[in-house]
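Asker: Residue numbers (this note's numbering): -8 to 333.
It should be emphasised that the hints constitute simulated quantities derived from the structure, not laboratory data.
Among the hints, a few may not be true.
Here are the simulated DSS-like pairs of lysine-lysine, each with C-alpha atoms no more than 30 angstroms apart in a straight line [stated by the list, open to error]:
{"#": "1", "residue 1": "K19", "residue 2": "K116"}
{"#": "2", "residue 1": "K117", "residue 2": "K105"}
{"#": "3", "residue 1": "K329", "residue 2": "K116"}
{"#": "4", "residue 1": "K105", "residue 2": "K116"}
{"#": "5", "residue 1": "K329", "residue 2": "K119"}
{"#": "6", "residue 1": "K119", "residue 2": "K19"}
{"#": "7", "residue 1": "K19", "residue 2": "K117"}
All values reported here derive from a predicted model rather than from experimental measurement.
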Amino acid sequence: MNTIRFPAEWEEQDGVLLAWPHADTDWKPYLTRAQETFARIIAEASHHGRVIVATATPAEVSHFLQHTHALIDRVQCYSISSNDTWARDFGPITVYENHRPVLLDCQFNGWGGKFNASLDNVISKKLKEHGVFEAAQLRHVPLILEGGSIETDGQGTLLTTSSCNANLNRNIHMSRLDTELAFTQFLGATRVLWLEHGFLTGDDTDGHVDMLARFAPHDTLVYQACDNIDDEHYTELLAMADELRNMRTVSGNPYHLIPLPWPSPQYDAEQHRLPVSYANYLILNGAVLVPIYNDPCDSLALTLIGKAYPGRKIIGIDCTALILQHGSLHCVTMQLPKGVLS
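My request is simple: use the sequences and hints to build the entire structure.
Answerer: What follows is the structure, encoded as structure tokens:
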């Protein structure tokens, strides 16, 4: 019998994938700030596993890493071009099929056709050609699916949002039931929990779940809360919290909920509001990298996420540069579970 399991992010990893920001992306007006942030993420991640970087300018990456505490021998750069840097959404989604890792190369359409993704869509294939994934099969999947749009507990339960994965700008010929059947076929899902509420202004993804709510060990859900009744997000995030409160584990028990504090609004130079979320953290072997925003709530967010992942080092990463392009720390990374790297 063929068994498929989509592992939880807190399980053992070989490493992390990123794509380096460059001048032909929307990062251009603040490129140095963005590259410094990426270098910090790479440096921290290198102490907890290997780091794979897709970049057309490997020398530039090396230059930035010289000014960090990165373990250089754990960072491997591959000369691969990209449209942008959101590895969470174009990177391979790893499942275990009969206990062996398989990389699912899903289709990425720039979050519903909003952006060109022709180069990003072949990065996984090119990494395979470079020999990065020799230890695992790369399988093309005829499904538009972004890694940031799904959360798993590693035991068959998926959490996602209707605003994204029931959106006709992804898989236009698929009903919600069809989508659930695809999650079962490709990800081994035994059940799907749908969030009908929750959004962040400035999020281009149609509401990726990794900006809103995350699974954690021991039947825990960590989520971005909003306690400011005058904020435009208050009603929707309160409704989302109610949904999470009413969800049940496989055994029928309520989840343990950890609400994260609500940071102050941040805006770009044109006064467009930016999507700021503490839920967009990255789990590594023995550590969690948490986005912080030079906000008074940063310290509490770090403490609460530490409670969700006991025994792991909690590391704050200034992500004020990343939100300028409407994403954050988890969005620019994709974990590579154990057995993936050659």
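Asker: Each hint needs a verdict: does it hold in this structure or not?
Answerer: Structure-based check of all given hints:
no., hint, result
1, K19 to K116, "26 angstroms, holds"
2, K117 to K105, "24 angstroms, holds"
3, K329 to K116, "19 angstroms, holds"
4, K105 to K116, "23 angstroms, holds"
5, K329 to K119, "16 angstroms, holds"
6, K119 to K19, "29 angstroms, holds"
7, K19 to K117, "25 angstroms, holds"
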